[in-house]
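Asks: Spelled out from the first residue to the last, the chains are:
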Amino acid sequence: MPNRKTLLALVSLGLTLTAAAMAQPAPPRGMPITYERLLEAASEPGNWLMYGGDYRSHHYSSLSQITAANVHRLRARWIYQMHKQKVETTPIVVDGVMFVTRPPSDVIALDAETGRALWTFEYRLPGTVYVCCGEVNRGLAILGDTLFLTTLDAKLIALEARSGRVLWKQELADSKLNYTATGAPLIVKDKVIVGIAGAEGGIRGFLDAYDAKTGQRAWRFWTVPAPGEPGSETWGGGDAWRHGGASTWLTGSFDPELNLLYWGTGNPGPDYNGDVRPGDNLYSCSLLALDPDTGTLKWHFQFTPHDTRDWDATQVPVLIDAAVDGRPRKLVVMPSRNGFYYALDRVTGAFLFAKPFVKVTWAKEIDKTGRPVVNPGQEPTPEGNDSIFPGVDGGHNWMSPSYHPGTKLLYFSAREERRRFFKTDAPEFQAGEPFFGGGGGGGARFRPEESWGKLIAMRPETGEVQWEHRILAPPWAGVLSTAGNLVFSATPSGNFYALDARTGKELWRFNGGDRVFASPVTFLSRGRQLITIPIGDVLIAFGLD
Amino acid sequence: MRTIFLTACLSLACAWPATAQNAARQPHALASDLPETNPYASSADIAIGKRLFEGRCGHCHGQTGEGGRGAVLNSGRFRHGGTDRELFMTIRNGIANTEMPGAFNLPAKEVWRIVAHVQQLGKQGTAEPNPGDPAAGAAAYKTSGCATCHRIDGHGAALGPDLSDIGSRRAIRHLRESILDPSADIALDYRAVSVVDRAGTRIDGIHLNEDEYSVHLRDMAGNLRSFMKSELTGMTLPRQSMMPAYAALPAGVVQDLVAYLSSLRPGRSTARAPEVWLFDRLENVGGHKTTVLGQPVVIDSSVGKAVQFDGVDDALDIDNHPLAGAATFTWEAIFRPDGGQTEQRWFHLSERDPATGLDTENRMLFEIRVAGDNWFLDSYNQSGSASKALMNRTALHPLGQWYHVASVYDGKEFRNYVDGVREGAAEIQLAPHGPGHTTVGVRINRVFYFKGAVHLARFTRRALSPSEFLPPPAKP
Chain A
1 MPNRKTLLAL VSLGLTLTAA AMAQPAPPRG MPITYERLLE AASEPGNWLM YGGDYRSHHY
61 SSLSQITAAN VHRLRARWIY QMHKQKVETT PIVVDGVMFV TRPPSDVIAL DAETGRALWT
121 FEYRLPGTVY VCCGEVNRGL AILGDTLFLT TLDAKLIALE ARSGRVLWKQ ELADSKLNYT
181 ATGAPLIVKD KVIVGIAGAE GGIRGFLDAY DAKTGQRAWR FWTVPAPGEP GSETWGGGDA
241 WRHGGASTWL TGSFDPELNL LYWGTGNPGP DYNGDVRPGD NLYSCSLLAL DPDTGTLKWH
301 FQFTPHDTRD WDATQVPVLI DAAVDGRPRK LVVMPSRNGF YYALDRVTGA FLFAKPFVKV
361 TWAKEIDKTG RPVVNPGQEP TPEGNDSIFP GVDGGHNWMS PSYHPGTKLL YFSAREERRR
421 FFKTDAPEFQ AGEPFFGGGG GGGARFRPEE SWGKLIAMRP ETGEVQWEHR ILAPPWAGVL
481 STAGNLVFSA TPSGNFYALD ARTGKELWRF NGGDRVFASP VTFLSRGRQL ITIPIGDVLI
541 AFGLD
Chain B
1001 MRTIFLTACL SLACAWPATA QNAARQPHAL ASDLPETNPY ASSADIAIGK RLFEGRCGHC
1061 HGQTGEGGRG AVLNSGRFRH GGTDRELFMT IRNGIANTEM PGAFNLPAKE VWRIVAHVQQ
1121 LGKQGTAEPN PGDPAAGAAA YKTSGCATCH RIDGHGAALG PDLSDIGSRR AIRHLRESIL
1181 DPSADIALDY RAVSVVDRAG TRIDGIHLNE DEYSVHLRDM AGNLRSFMKS ELTGMTLPRQ
1241 SMMPAYAALP AGVVQDLVAY LSSLRPGRST ARAPEVWLFD RLENVGGHKT TVLGQPVVID
1301 SSVGKAVQFD GVDDALDIDN HPLAGAATFT WEAIFRPDGG QTEQRWFHLS ERDPATGLDT
1361 ENRMLFEIRV AGDNWFLDSY NQSGSASKAL MNRTALHPLG QWYHVASVYD GKEFRNYVDG
1421 VREGAAEIQL APHGPGHTTV GVRINRVFYF KGAVHLARFT RRALSPSEFL PPPAKP
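Chains as they are written, first to last, in the working numbering: chain A, 1 to 545; chain B, 1001 to 1476.
Be careful, since some hints might not be right.
Calculated lysine-lysine pairs in the BS3-like style (CA-CA distance at most 30 Å, straight line) [stated by the list, open to error]:
1) A/408 x A/298
2) A/330 x A/355
3) A/408 x A/359
4) A/84 x A/169
5) A/330 x A/408
6) A/330 x A/454
7) A/176 x B/1109
8) A/505 x B/1229
9) A/298 x A/368
10) B/1229 x A/359
11) B/1412 x A/454
12) A/155 x B/1109
13) A/189 x A/408
14) A/505 x A/408
15) A/298 x A/355
Keep in mind the hints are simulated off the structure, nothing from the lab.
Isolated chain B, as found in the complex (with noise of 0.2 Å):
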């Protein structure tokens, strides 16, 4: 089993003095007694307030606010609020449930002074680059099995670190490092532990408690685990993370899983993250397993790798319905369209009744109709009684070139778009899918086979505008 840990970091890293007679608890700031604007933002403040800062915060923000395994200070976005009152308390109170403590040992004016600085750095805009490509990142997450071990948005194995707004608690740079060098800086709640039984049995999981005489662990198998140490012939906390590096991956694909991550935010929409397939092995597509149909190849084409179909027998079976609960959404695809018969439905999505194991009428497709050397689209949707086709006949486009299609359903209008421009729209009523499975290259009952390729589909929980679609191909 593959055990993988996108660490996060840290100790019980309190930046703020242990003293003379050992830290306590402090009653909290209240905001009712705090002035809205800060008292000490002269620059003189802002100097001392500098130095403050490098002492007691920059080791995990990073000396500029670049962030590390403290949140990014420097892009102007504070996810406990960027007023001056709401900085005071963040580095007075701290933050519940985070590596964050409290200032309670600072002197108000010192505080201010922190907050005075911490302006400054959110002005000047993020340092780093975060040249990446989320959807792209989102398919890597998925191909590189790090669901295996992590979580986000509910979906995914909880023996990692959850991710759902890993965006916001992690910088660029320690989102890298944590990919290529987990071990670097393991969070300490999923620090790795392995212990050895008296029958020889090598336990291994996650370091939950431990005392002189017990240790208490979260087992590969997601078991809550104790022991006495007296029961024991070994005991190891490993300095290696459980997380694999993945030092091997292309520089372009950690740099899009980087980006992923980074997007992963509190308030990023209700919506899970955008679902990206990748048409560049047929065994499996988007994480999901596929059933071969004839004999579809993988091809090098201009924008990449593709999935080819003859028109004849070809297609692939997915074992999942992409937009299942969805009850808005964007759905795009690049594709080439090269000929064969008229009527071709190439990608269709199906609701499966689960009682049954059947396909139900509920499902959304793209088709397209070849008019000589042209082509135009079709794109179908149907819920329930209420059933939508889109198509504009008037609208050709040449055969032989790759375009980018989508289909758009906002809860009240459906519209479909060629290369970003709209065909057609309509009101409908549309309820979400339930789960079910994808044929690509013919319809989900194996006819109007399609001839052509497809590169990619991106599928997500919300209707995009045509600003926001993923790029066109070019055309020659």
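With the rest of the complex left out, here is chain A (with noise of 0.2 Å):
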């Protein structure tokens, strides 16, 4: 551990090279980061500003030095150690600083020339939190000049963001109860939009929003309704909905003019043993719109009613404008854990349409109202369905999908994979226990070939698929596209690559050597555009030579 002696030098090191940064041919503009600055985070193509790299997770940057006729003499320029597994983190950059999460809820300040700590926060975990999916922790929010973290015990932290100082702390829920959080925080306005983690642990899910300078909670709208509320009739008339679930651990999105905020709702609970909880199971696999300000509920949609396969609709929510059948929409599009790719209005929540973009079995098409028209025997059995198309993991998941401006393309991940579906008792909830009812693993004689993963790119209005690019496994990566039109991600065998958005072809790659659950980001240093992606437990950043 550094005595205070090297932290002095580090954190003047820091500030050497922030100045150094700030000597570059624009200006940074430095912290406090606003709201209107986040309004505008597009334009600040030279940071990175929050999860989704703006309000409309479009995970897109106007960058344009690395382009398609230069990418080849991309190398990697440093590596930062996390020794820790499963490193999930997208960065937040601010004038040359990158702060990032650490597993299982740490927070390193980089200088994003270097790779060099200025500060680091260790967040000591009480004791044993149930977590079903790993000690992961998805990156930070900023405003003003304070970051937003959650912990793996379901708690809010604000940090200054110069020194990883504590400026206040707010508890969530209590993490013996199997609450946990893992994703970015959300600034909207003055508040801090978080989700919670924990339908696997039999919790009941919400969001929240707290001021962001106080730490107080200004909102709270549960996802799984209360009995006499609305919805609370699709949970059975029972006790179901105290462990509903339907988390909301992943950052949603937000349109300003419209004053909306977008979020996705997990899975209910228990996952795979949907006995217990007759009825569509409102509002788990939906995506919800609120008022940022109160937490009202102005429209939903569900994807997977009565899920049983653990096809949460935790996916990013991407804010587009554009016409659907000649009529000019503003748009909210999924591809979706359950196989579909869907579109709605983002005004209304209406349904536009939705196509299948993996192979899907479990049901024949989404009709005309936005609901499944299901297939049978496509549930969990006792002894193991292992023909649901997709896999438990789903066509797509939690990794950030890409829209292009220019090419008008939308950009994701998706995942072809085969997985065997089977169905337990009902567990009784138990702290610090799992609540599954059931599984999801792998089939004793499948080939690991009847499982792949693909790059989609598609026309975000039709859903029709412009191009794809085929990996050998399916893929936890994410997507960053750029003006110099050029799409990255990963593979599981630790492949970076980057494609040309317009045609697919692939131009360069990386083998960082082991598996990838992150999303590259890519932002200026002394001027200089540097790319960025954890691959296994390292931060790699990578710039021309």
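Hints are included, so try docking the two chains, each in its own frame, into the full complex.
Replies: Now the structure itself:
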């Protein structure tokens, strides 16, 4: 552990480097990061100011130093060692300083030029926390000069961005009751919007807003209604709602003009045994449109009613303006874990169309109202059902898609995966224990090549696939597209690659040697474009040689 | 070249839930944290455990624990321990370097309930009969060429799965399937891959690794090979196993092979599996090349096929000393003496000097003396300066019948038997022989020819009790 003197030296090094970065031709504006700057995040391509890149979650950058013509010169510039499994973080970058999270709930400020740490905030968990899927964290939010972090034990912490000093700490829920938090918060105006995780542990989901200055809770929207509330009739009338899941573990999107917050919800609980919760189980597996000032539900759309296959709708909602059938629309689109790509009118929540983008067997189609026409024999069974597609991890999942305003294409990772779904007795809720009622693992005689992956380039207003880039195994990496007409993503083999955004032609690759559970981002350091992505337990930065 | 793979199974078949946010490694359970006995073992718990088992475990272990790709669970023998606590640890943590995953995402209570059900399965006893003869299966293993690709206790090739403990890892039904239809379930670590380079050369091998741009394999000669896909004109992952199907083998032979493979378990003594020589052909005995002297003939007899020697110049010289290196042993043979000259040295194992290629004085022998219409046994063993002949002139047996004879050495005492009855014993210190060769029908130096027939020999590298001997042939 560095002593105080070393820390001071590191801090002053950081300040020096920041000063050096400030000497570049386009002077950075530094902190504070005001709400107005967040509204215009896409106009600050030298920075990466929020999880989705901007409020529309385009995960796109207008930087164009790295292009299809020169991407072959991309080289690793530095590596930051995390020494932790499953690094899922998407960094925040502000004027040459990168803020990243490290499992389980640490924050590191890095000099974006050298990859050297400026400060480290190490969060000690108070004890064992039940988590279904690894001690992960997906990133931070920033407002003013404050960073916002969720912790695995379901806390929200405000940190001073210049030092890592704790400003305030707020409990979201009791982690002893299996509540946990893994997602990056989203700033809307003066509020911090925070989701919760733990549907695999039998929580009752919610979405919260906290005052960014004080940490006081402004509102809470329960994603599983209590008896008597609208939607409660979809839970069968028993007590299942108390552990009904519908968590909110992935960051949503925001339309400032409509003043609507879009946020996906997860699976109902127990995951694989729906017998105790007859009905559609609102608002699980849904997209919610909420008033960010009050938390009032404006509309909702449920992708998978009465889910029994763990097909959360915790995918990134992407906000796109485009004409559908000749009529200009404000769209919210989402490739769903259930294997269908959906386009909705984001003003009203009206369903426009849905198309499968991977092999789908569970539903024949999505009808005109947006409801699936379900095929028989597609439920988990006691002995295991291996005929259900897509697999338990879905056709798509939480990794970021990317929308390129130049090509007008939506790029996203897709998973063609064969899995086996089985059902066991409905579990009783127990603190510290899982709450599955079954599972969705591999089959005894599945061949590896029965599962594979692809990056899809799609016309979002029609669902028409423009091109596909096939990879060996189902990916967990998100996608970044840039004005250099490039698309970046990574494979489970650890190959980080760049494609021509127009044609899908592969132009560059780098073998990082381990699985990727994250999305790339790009920014400027000393005026030069860098791209980073976590591969295995390291964060790697690439730049032109 | 024959490419034979006894397949095992699998895929990365984690039966445990992949979940909303995908799985990751979890802390292992520690034995010290667990009660010794199962706190959830009521009949209600067992019933719940049964349902948990059927969803999570049955597709590998069989729905009634009969085994398959996963180990047999209804025999009551558990390779990694059968106490409640040990079973809990196995289920919770999985087994390293096997296909058995850990049930990290299962509440402790549910793990205990599975333990309760598995204990019930174990009380059933093995449901699947295993009627084959392991000794005959061992011989069939050799004659079928299995060792061309498979390895047992360090002997054989490494192209296919090592079978040294296959009996504890695979159920009988799975072993049978692997022989008859090897493609039904191919071990992930032994999948075939075939690539074609730009020169048009096809390279077959075992798939070791692959990413989007490269593929890695162990070729048929055992070499590790790396190819960039951009440099290949073709690549296929055949769905067929590289092991040919042995569906044409007689059912009895398959049964014997299965029995032999099923007997290959850890702790089956440090000894190698018994080596069995069937005298059903002349050119090859026990998988070893022979030199045929005179005109011995293969006959059908009441005990099965045998090689018959004329007592004049018939013999086989077999290029192997089957007990080389054995510190203890049991040497059995089934033979029929038919008279002839008084002294007959009919089975001779001889050490060779590797430097000169000449026979040393170290040897083991079955001899007989013919006395009228009877014979008696002379068993001889020499190692260095220690030597001993066991001969009981009063133990006379009629000629013209089939007999079982045995020489046994337990590290202290040398004993010999006819039809399971001990005829002699002596204490002696015998050092293991080095490699060499064997003659059947004559002494190693081509004197004292044998008149009669030999059906079978079995060499076990430990001292068997008479009850473990092969059964003596029926007498008329």
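Asks: Compare the structure with the hints numbered earlier in the document and write down the numbers of the violated ones, lowest to highest.
Replies: 11
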